[in-house]
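Enquirer: So the chains spell out like this:
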Amino acid sequence: MSEPFRAMLVMLHRSLVSTFSAPKEDLPRRQGDCSSLARRIAEFRLDETTPTWDERLVEHCLSAAVLLEHLGEREAASVLLAACRRSAEHDPVTLARFTSAELLINTRRGAQGQLLGPWVASGAPGEVAARLTTNVTLSGRYDHALPGGEETTSLLGEEAFAGGSVAHFALTSFAFDNAIFAARLTDARAALGRLEHLAAAIMTDLGESHPYLGLVLLALSSAKCALAAVEGNLQDLRRYADVLAVAVQRASAQLGPEHAQTIGGLANLTHIEFEIALASGSPHEVRWCVENLTWLERHAGSVFGSGHPTTVILAMNAAVAQLESARQQRSVAMIQDAESQLLAVARRSEDRFGSFHPCTAIARSNAASAGFDVARARRSRPHLERMVTVLEDTVSQVSNSLGAGHATARALTRQLRACHRLLASDTPWTEGAGGGTGTIVRTVEDEMWGLDDDYVPVYETSPPTGRGRAADESEAPIVVIDGKVKRLEPGDVVECLVTRVTADGVLVDINGLTEGLIPAGELSLRQSVRPEDVVSVGDTVETMVLRGRGASGLMRLSLRMARHERAWNIIAKLEAAGEPVRGKVVAVVEDGLFLDLDIGLRAFLPASAVELHSVPDLRSYAGRELEAKIVELDRSLGNVVLSRGVWLALRSVRTRGKRLTELRQGDVRRGVVSLVVNFGAFVDLGGVDGLVDVSELSWRHIDHPSEVVEVGQEVRVEVLDVDMDREPVSLSLKALQEDPWPRFTRGTPQFVLCEVTRLAPFGVFVRVGDDVDGLIHIAELAEHRVAIPQEVVRVGEQVAAKIIGLEPEQRRVLLSLKQAMDPGRKPLSQREWEILRLVAEGRSQREVATTVHMPQSAVALAVSQINRKLGLRDEEP
Amino acid sequence: MADFPWVRIYHHGVNRGGGILLTSQLVVTAAHCVPGACVGHPDDEVTASMGHGAAQVPARLVERLDAKDLALLKLSQPMAAMVRLPWASRCRRGDGWFAPSRPTMSDPELDGSVTGTMTYECVSGGVVEAVQLTTQAHLGNYEGYSGGPVFLAPEEANKVIGILIEQYPDRIDLDRASNTLFAAAIEGVIEQFDTLSTGYLLRSLFEHSVPEKPRDEVRKTVPLDESGWAAAERAAATVLGWHAGFDVVDPEIRSVHQALVSKWVTRHADEAGDL
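Those protein sequences? They're chains A and B, same order as listed. First residue of the first sequence: 1, per the working numbering; consecutive thereafter. First residue of the second sequence: 878, per the working numbering; consecutive thereafter.
Hint data in this document are derived by calculation from the structure and do not stem from the laboratory. Check the hints yourself; a few may be wrong.
To be verified - Examples of chain A residues lying across from chain B (beta carbon under 7 Å, computed):
1) Gly214
2) Lys224
3) Ser252
4) Ala253
5) Gly623
6) Arg624
What the hints assert, rightly or not - Non-contacting residues of chain B with respect to chain A, defined by C-beta distances greater than 12 Å in every case (computed):
7) Val891
8) Asn1018
9) Glu1020
10) Asn1056
Unchecked claim - To be clear about the criterion: a stretch of chain B counts as covered by chain A if any three or more of its residues have a C-beta under 8 Å from a C-beta of chain A, and this derived list gives those stretches:
11) 892 to 906
12) 964 to 978
13) 1059 to 1072
Don't be surprised by glycine CBs; every beta carbon is placed ideally from N, CA and C.
Turn these sequences into a full structure, and let the hints guide you.
Expert: Spelled out as structure tokens, the structure:
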């Protein structure tokens, strides 16, 4: 290579940088120096002295070109660009950098449209084109016709570029994006450090109130979020997301809500919120983020058009979020929706970016993995194999175009491996995202995550402790399982001690040397449980190893999977032994009930198998503990189907004979109402069914048994009759209740308040008190002749009546309305009836006063008025 | 789900007015909605709830600007998972507006049109960028609506333009309010608080890595983070006659020094990490 060229270039770059940071009075002289040096460089005949272009030289060259452009040395800048162009053609990363620089230069020259168009449309790697287009869009420079576009341009105007740090910041920001995009985290971290320094310098140069600082804040907080997300640092991610949120609001206020910066910032923020929601395992928040992303996509579509890169990438994010939410909810229909949405996005992305672009590849791959899940749920092997073929094709295409080492290719390969594994094993579908094929949420990953099998980033809430670090990180920890010494591998079940419980997960000690993390989402089968409700510090728990130690030194463990594994072993044994399982009804659907079994699995109980007889309405079973027999067990599909009917029949056969002999007439038993029919209620006495006839349910008259009992209610019953040959046993509820008749007849008052229950042609049936029925004959309804009772009373009306006779045989009271109303006297008001009722119940004056809202002194007055109206003496009512 | 990102503010359990969620945790309201509360007040003094009847979340007063009748609160837990954050936006004369935050469920929602934007002197003496609003509802008194966000119609846009701070009295009956209201323009509101300023936020991002340095020091250290570079530059300038460019140097001397410098530069270029 030409050493002088390299040396001069580096020298030029250095002097340019120092020129931009020199004091003002020194500037003209330094600029002159740079210019003469630049002209010397421009004279180099690069054909003869082709340098060996390495990354660093390219960086020097591009940076120098940009800075020269700022100095007005256009020719030299063009020469440097041209020199880089040839070397850049072979390497996508260099090409991206090169084009970024070219973009900056052309933006200054006002030629962005001409240059950008061909790049985006040409056969240049879609990745580069998309990255650039996104960069340009987010910088608000893509299209001057955009609302606010001019404003940004003026913000980015001469004043802003006067300081070298601004140009430097823009360039470093591109460098950061490129590093993140190419999954080079070390570079990204270094770039972020430089961005911080530059931001500080810009703040000093331009003053804190300069509008450009808003864009610096947006860029820096986005960059911080991106790195925190990739590193899986949830705590930092939350903190930076807060700053980003304010930055977005500032951008919105300054540039307007339709501005590309604002929309880009909010898109970024919403995606980060989605990742936070994913990490904290809250399905509700994930669903909300999906809605937000979809809404934002529509908004971006209406501002930029549906084919715009920002819109397409937002559509992709929304579809991915949709899929992840569907997986969390384990809904096949929703996964299918997400699949079709992803396929649509893949087509749009292909049109915009080309078929090998990561956005296209990821959309297609996620769609195939969604299709894979649907096929698993449907048990369709051919469909499963077809989806794997689609995935294989995508992976090979991406690997060929971007290289097998590219982050996207690796993420896809991982997804494919997960599918292969699931196809080979019989892991059930219901495990959801954690043990499923995984959704690719971001295209960037840390090289150190080589052990990770699924891509969804796992967040940690605390830095790894010294102990975790002390162990050799490259080796899996050694533990003793069943008396054998072995190295822990994914899938192993190991006992651990809980050392710390936080909202995001649980830290455990594995063998006294190694620490592990159980993320909150891996704690329980039930969603959105709080870690402290599941375990507490000092507990020993069985966990399954999900993957080895990553960058953090913590092993990823799952309590849910370990319990799942154990639960399947237990349930298989129970099924073999013909034993029943117990569980609580957690959901009632049209076809039956879902039970959370005590052993930690979810099972389905079809409606036809809930009872021995059919049950029209299952809602009353919600929340009940049921016992049932396993009738179908399919581990590969995660199906547990139960039958309570079979279990009840079995139990009844086993216990009926024994129970029947134990029952005696007059016994008092406890039972549960199992069915309510027109003629009575069936009560389960623990293996023996008994029937309470409608007449035995209550002392009072009832129209339907449901007035007194309901299914599932626990009742005390007396056995009336046991017939060994005939079922059911006759029972009575009424026999255990006090007969209200003697009580009523003991202290019969003269006047009573009663409720009309039924109208008959010959009179009115009323209820006196709680349990005594009475009859007012039609002739006793009024002074005048009454044709039908409806003329005088209505069902449900409260009336005051005088008792005129008792019919002990029929347990009935004869009453009269006519005699209760003395002609010529004023009728009682509503309030007076209320007072009458309360006084008759024996309430104190004070209680009466508070109930009817009147002064206590007025109550006595009201009572005497009532007495007068009823023609009674004062002490009577 | 809540339709709009507004909260009700309670001070000592009393419903005082509304507020707008600027981010998942930061709420802006009128200072007179949290009378007497000061930064560092007890946790249970100020609470906020999303809509009527929702659970109340404790809030901490971050900053209050009494002269401008503005206060910034931070909720003890984020609410963003449940709302769509608003777009801070500007408005023009004649735009339609509405304020979804109302004192109780039995009070009406305010709406109307924007009369204009102006610099406005508050009752408490401060000067703010404000939006003058005309409301269609003649209530005579708009107590309880203070601090609530003002959105641009139509509703779907979710664009917030300001927060209600003052009502203008009826000139004939001074005890009644006219149907002219003033809202602090959201753009100005964001600028008012130190906590929301770019400088403060940028520094919060720097963490401990970039201490605040005097201007000159930053200039020296930012682009050249190795002192060696400065030394090298000086040496190179001396040797090569830097100020005059390469031309003045004798060709022989030049080639020797060039080789020297290129050696030096190559070595240090590999060591130095900066661009």
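Enquirer: Would you mind marking each hint as holding or not holding in the structure?
Expert: Hints versus structure:
1. Gly214: Nearest chain B Cβ about 6 Å off; hint holds.
2. Lys224: Since chain B brings a Cβ to about 6 Å from Lys224 of chain A, closer than 7 Å, the hint holds.
3. Ser252: Holds - the Cβ of Ser252 of chain A comes within 7 Å of chain B, reaching about 4 Å at its closest.
4. Ala253: holds, 4 Å
5. Gly623: Gly623 of chain A check fails; min Cβ-Cβ to chain B is 24 Å, beyond 7 Å.
6. Arg624: With Cβ-Cβ at 29 Å, over 7 Å, it is violated.
7. Val891: holds, 28 Å
8. Asn1018: For Asn1018 of chain B, whose nearest Cβ neighbour in chain A is about 31 Å away, the distance exceeds 12 Å, so it holds.
9. Glu1020: holds, 28 Å
10. Asn1056: holds, 27 Å
11. 892 to 906: holds (count 5)
12. 964 to 978: Since three or more residues must qualify, the claim that chain A covers the stretch 964 to 978 of chain B holds, with 4 doing so at under 8 Å.
13. 1059 to 1072: Held - the stretch 1059 to 1072 of chain B has 3 residues with a Cβ nearer than 8 Å to chain A, which meets the minimum of three.
Against the hints set out earlier in the document, violations occur for numbers 5, 6.
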